[in-house]
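Asker: Here's the letter readout for the chains.
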Amino acid sequence: MKSVDYEVLGLRVGLEIHQQLDTKGKLFCNCPTELSKSGQPTYEIHRHLQVSESELGEIDRAALEEAQIKRRFIYKGYDTTCLVENDEEPPSPLNPDAIDIALEIALLLGMTPVDEIHTMRKIVIDGSNTSGFQRTAFVASDGKISLGDNLIHIDTVCLEEEAAQKISEDTNGVVYSLDRLGIPLVEITTSPEATTPGQVCSLAKWIGMILRSTGKVKRGIGTIRQDINVSIAKGARIEIKGVQTLDMIETIVEREVIRQVNLLKIKDELRKRGAKKVKEVLVDVSEVFDSPQGIGKPLKNNVVLAVKLPSFGGLILWEIQPDRQFFDELSDRLKRFFRGAFYTDGLPNEIGDDQIAGIRKKIGAGPDDCVVLVVDEESRARSALNAVIQRANEALEGIPEETRRALQNGNSAYMRPLPGAARMYPETDVLSVPISGERLKKINSSLPELICKRKGRYVREYDLSDDLAELIACSEQSALFERIIILGVSPTLVAKTLTATLSELRREGTPVQHLTDDHFIGVFEMISANKMVKEGILEVLRVLANTPSKTASVASSELGLEMLGKEDIEKLIMQVIESKRDLIKERGTDAMQPLMGLIMERVRGKVDGKLVSSLLKEKIYGGINGEDRKRGMGQSEG
Amino acid sequence: MMIGDRIKVQRGDITYKGTLMPSRDDSIVLKLDHGYNIGIKKDAKTFVKLIEKGKKIVPQKTPAPLINPCLSTVSILTTGGTIASKVDYRTGAVTSQFDVEDILRAIPELREIANFKGEVLYNILSENMRSEYWQTLAREIAAEIEGGSEGVMITHGTDTMGYTAAALSFMLVTPVPIVLVGSQRSADRPSSDNAMNAVCAAKVATSDIAEVSVVMHATMSDDYCLIHRGTRVRKMHTSRRDAFHSINASPIGKVDYSTREIETFAEYKKRDEHKVLVRDHIEPKCSLLKFYPGADPEIVDHYTSRCKGLVIEGTGLGHVSTEWIPHIKKAVEKGISIVMTSQCFSGRICDLVYDTGRDLLKAGIIEGGDMLPETALVKLMWVLGGTKDPEEVRTLMRKNIAGEISGL
Ligand SMILES: [Zn+2]
Chain Y
1 MKSVDYEVLG LRVGLEIHQQ LDTKGKLFCN CPTELSKSGQ PTYEIHRHLQ VSESELGEID
61 RAALEEAQIK RRFIYKGYDT TCLVENDEEP PSPLNPDAID IALEIALLLG MTPVDEIHTM
121 RKIVIDGSNT SGFQRTAFVA SDGKISLGDN LIHIDTVCLE EEAAQKISED TNGVVYSLDR
181 LGIPLVEITT SPEATTPGQV CSLAKWIGMI LRSTGKVKRG IGTIRQDINV SIAKGARIEI
241 KGVQTLDMIE TIVEREVIRQ VNLLKIKDEL RKRGAKKVKE VLVDVSEVFD SPQGIGKPLK
301 NNVVLAVKLP SFGGLILWEI QPDRQFFDEL SDRLKRFFRG AFYTDGLPNE IGDDQIAGIR
361 KKIGAGPDDC VVLVVDEESR ARSALNAVIQ RANEALEGIP EETRRALQNG NSAYMRPLPG
421 AARMYPETDV LSVPISGERL KKINSSLPEL ICKRKGRYVR EYDLSDDLAE LIACSEQSAL
481 FERIIILGVS PTLVAKTLTA TLSELRREGT PVQHLTDDHF IGVFEMISAN KMVKEGILEV
541 LRVLANTPSK TASVASSELG LEMLGKEDIE KLIMQVIESK RDLIKERGTD AMQPLMGLIM
601 ERVRGKVDGK LVSSLLKEKI YGGINGEDRK RGMGQSEG
Chain P
1 MMIGDRIKVQ RGDITYKGTL MPSRDDSIVL KLDHGYNIGI KKDAKTFVKL IEKGKKIVPQ
61 KTPAPLINPC LSTVSILTTG GTIASKVDYR TGAVTSQFDV EDILRAIPEL REIANFKGEV
121 LYNILSENMR SEYWQTLARE IAAEIEGGSE GVMITHGTDT MGYTAAALSF MLVTPVPIVL
181 VGSQRSADRP SSDNAMNAVC AAKVATSDIA EVSVVMHATM SDDYCLIHRG TRVRKMHTSR
241 RDAFHSINAS PIGKVDYSTR EIETFAEYKK RDEHKVLVRD HIEPKCSLLK FYPGADPEIV
301 DHYTSRCKGL VIEGTGLGHV STEWIPHIKK AVEKGISIVM TSQCFSGRIC DLVYDTGRDL
361 LKAGIIEGGD MLPETALVKL MWVLGGTKDP EEVRTLMRKN IAGEISGL
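The listed protein sequences correspond, in order, to chains Y and P. Residue numbering for the first sequence is 1 to 638, as defined by my numbering. Residue numbering for the second sequence is 1 to 408, as defined by my numbering.
The hints are simulated quantities; they were obtained by calculation from the structure and are not laboratory data. Don't take each hint at face value.
Calculated lysine-lysine pairs in the DSSO-like style (CA-CA distance at most 30 Å, straight line) [said to hold, decoys possible]:
1. Y:K441 with P:K41
2. P:K55 with Y:K122
3. Y:K550 with Y:K496
With the hints as extra help, turn the sequences into a complete structure.
Answerer: And the structure:
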């Protein structure tokens with residue numbers, strides 16, 4: 001594929017980053033912000049959501065589309081969820097800790113907080129919020145960050161409640177889990193100012209770094225999500241939702257550009273062919289299939305409906321994204337409600353050539369026209385073909401504005417139309433929160449050091465390697481790292497322990513989550529006091545993780561890892577030398593190596609190897625004792 | 001500058017544009033273009049400029065729905081409980097809907113159940129209800145029935161719905177169902193219980209159950225509603241959907257929301273067994289007094305000095321401290337009717353078991369049986385409205401009039 005000139009295409013990308021905050025309680029109740037540990041629901045609620053069409057009017061296409069599919073929602077509750085999540089009780093006031101973190105993030109992004117935070121209800125009727133709305137509050141606006149030579153504006157920071165997790169969906173309804181509902185999150189929206197896929201990725205990384213610098217955001221899969229807004233000059237605004245890994249961002253943007261370029265090609269082709277708006281003429285062609293053989297679905301209670309898409313011949317198979325064709329754009333639109341069979345020209349199917357010819361004749365399709373067939377119960381079949389017609393007509397105009405879902409490979413699939421802007425009204429159950437100057441001053445005076453700066457400092461001050469500095473600066477252990485360094489131990493050793501050693505223990509299945517700061521400090525206090533050698537760290541931490549009630553010194557003495565004193569070592573060396581006199585006589589100083597091996601075998605982990613080596617050297621070179629030494633010297637002189 | 005005007009607010013380095021919204025304090029509340037509201041402090045750094053005057057929003061009226069000749073006619077009388085509301089996402093304004101057409105527009109499913117007509121009677125919070133409003137309501141209901149309504153729905157705030165239901169139960173003899181309904185979770189949320197409660201209530205209003213009842217959610221789910229007898233129902237939770245419970249009696253039945261089928265599990269008066277009759281006499285000078293450990297007996301004197309009747313919520317089987325007994329005796333001797341009920345709500349009064357109880361009986365209290373304290377109060381008002389004779393009051397209070405008392 002030839003390289004794409006994003007400047008010529010006029011690529012504009014913006015990000016919407018959702019980050020869960022690591023507060024103790026939820027945004028509007030005191031339930032824990034952790035997912036249920038047992039995963040065992042203790043109760044279940046069934047609900048419906050209602051929004052009258054008249055209220056929605058044209059304002060909210062997305063909500064309207066949801067409302068058309070009247071669904072039953074099943075909520076699983078836990079011993080860790082309360083009446084607020086159940087929408088059975090008014091919410092508590094906005095969690096002040098969450099407000100503080102949101103303000104801190106806003107200030108780090110150079111934004112101006114509002115004087116007074118007002119909580120709004122944003123209508124969401126897919127069932128992911130028991131109330132039928134998401135509570136959300138505007139916290140700050142007007143920020144900017146520089147990314148290389150570019151200045152990117154950060155439009156808004158909002159504080160929101162996390163939605164419930166969808167567990168499954170079937171004909172009975174949609175099942176949601178309530179434990180995630182209400183976890184505070186910040187939503188950061190940038191201006192659509194990134195102009196290359198690479199820049200979008202750097203932008204996401206930079207904002208992610210700032211978020212993690214606070215040390216007050218959740219980490220791990222699912223705790224941060226990015227939505228990407230992509231448009232090219234002649235294209236349309238497309239929002240791609242649910243991107244969970246940064247690595248995919250570049251590919252997703254690249255593939256969306258490809259999609260828009262290809263859809264524009266289809267538009268041009270249709271114009272060239274003189275295509276006109278597709279008419280809503282649905283023809284019942286069931287009779288062509290009077291013999292049940294040859295069609296995937298039995299015809300009982302079902303009909304076969306056909307529509308002609310004039311001038312669309314062949315376009316169905318045009319590639320839109322790698323491995324996705326224009327066909328997928330059509331079929332995506334049906335997936336929400338259509339369970340029947342779908343056929344069109346050029347796709348593999350079991351329909352006989354005679355039958356196809358019969359249908360084409362019946363609906364008057366010429367060689368340039370495309371035919372789409374659906375098999376289902378009649379009303380559903382009609383809705384399905386109408387959705388196909390709508391999408392086909394949109395192709396004549398270019399690219400429809402959509403919300404799309406990111407797929408694993410970087411492609412995307414249709415979710416729903418872009419929501420209209422105004423589907424919010426005040427949450428009257430929650431009082432507005434004035435933000436005082438003192439509060440801002442306090443937060444401003446204790447803003448955290450950014451991870452990027454921290455890394456530089458670690459390289460400069462502690463002489464860590466670039467990689468190690470990055471690793472420890474990004475990790476949740478950086479504060480602990482700095483606490484341990486004060487003990488006067490090697491920063492590199494501490495950093496490696498907190499990164500590589502921990503990973504190694506984690507890999508072997510040791511429950512490292514049980515290790516506390518005190519455990520680490522205990523271990524390094526012993527190192528610093530020469531009571532333990534660094535070779536014993538892994539073993540001691542393993543014991544502590546398995547039995548967190550122990551202290552580092554208890555663990556190391558149980559393991560027999562306590563450091564030997566100098567006298568003990570000398571005694572041991574003397575014993576070994578005594579027993580290997582012959583060897584020393586025979587090999588002289590060459591005996592050093594094997595003797596060292598013998599000694600270390602017996603004391604590894606209890607003694608610093610360097611000390612053993614220097615003591616051993618002294619003894620061998622200097623003779624077995626002082627007298628020998630004198631004698632030896634005399635001999636050489638003589 | 002007026003609410004609804006599009007304005008520009010400059011504050012320091014930052015400029016906000018949006019629509020001016022009502023504010024609870026002296027800050028400026030602005031609805032920004034993406035829908036969010038924010039509050040802006042008014043001080044020397046704040047400059048406001050009008051961009052455009054707001055347009056008046058003319059509410060659109062939909063034409064009255066067509067009458068379906070196959071369905072019966074139900075009247076909806078609204079008293080202020082919000083069963084429907086409308087959200088204007090442009091301004092963020094939420095308006096309560098009381099008009100029948102507006103209610104039908106908000107809850108279109110109702111159209112499949114009956115033809116509706118109606119009247120806005122009151123627009124008050126249910127805590128502002130008064131006994132004379134019960135009287136008016138009873139007369140209006142009777143008028144609707146006489147005018148051909150085959151069922152009556154009353155929308156009511158949930159806080160005092162039980163009192164109104166009890167009052168109507170005593171005041172009306174009815175040939176058609178009279179159903180009180182409301183919502184526990186505000187009608188301005190998509191998850192509100194309003195629609196299901198209204199649909200189930202309408203189902204009861206077109207049924208054979210010619211009783212005064214309260215129809216509300218039975219569980220936290222949107223699965224079915226219970227039909228509670230008006231004299232036996234009590235709000236038992238501040239906020240949950242399933243707040244309403246029948247106490248000391250089985251509910252009359254239930255309505256399944258998905259099938260809309262009614263299943264009954266108690267006796268009830270059938271449609272057209274009786275002619276409509278209003279007995280709306282009431283004596284508002286009655287009180288309800290809760291006893292608590294150490295309560296000053298002079299409270300009894302204070303209450304009885306200004307009341308014609310008093311209901312006491314005693315402990316357990318119906319007790320108050322021995323200190324109270326002479327004060328109660330004195331009041332009864334003055335001709336004041338005093339009814340004993342229990343703050344346990346569940347279970348019946350029995351003043352024969354312990355000495356205190358026997359002394360209370362000697363002092364002249366009327367045992368409230370298994371009546372709810374609130375129902376006993378409303379009944380006492382109603383009985384005293386009809387007769388001043390203490391012996392007749394005693395007899396009527398002990399007699400089952402509207403399913404309020406049992407086991408006599
Ligand atoms: Zn909770």
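Asker: Look at each hint and say if it fits the structure.
Answerer: The hints, checked one at a time:
{"no.": "1", "hint": "Y:K441 with P:K41", "verdict": "holds (17 Å)"}
{"no.": "2", "hint": "P:K55 with Y:K122", "verdict": "holds (24 Å)"}
{"no.": "3", "hint": "Y:K550 with Y:K496", "verdict": "holds (23 Å)"}
Hint check: no violations occur; every hint is consistent with the structure.
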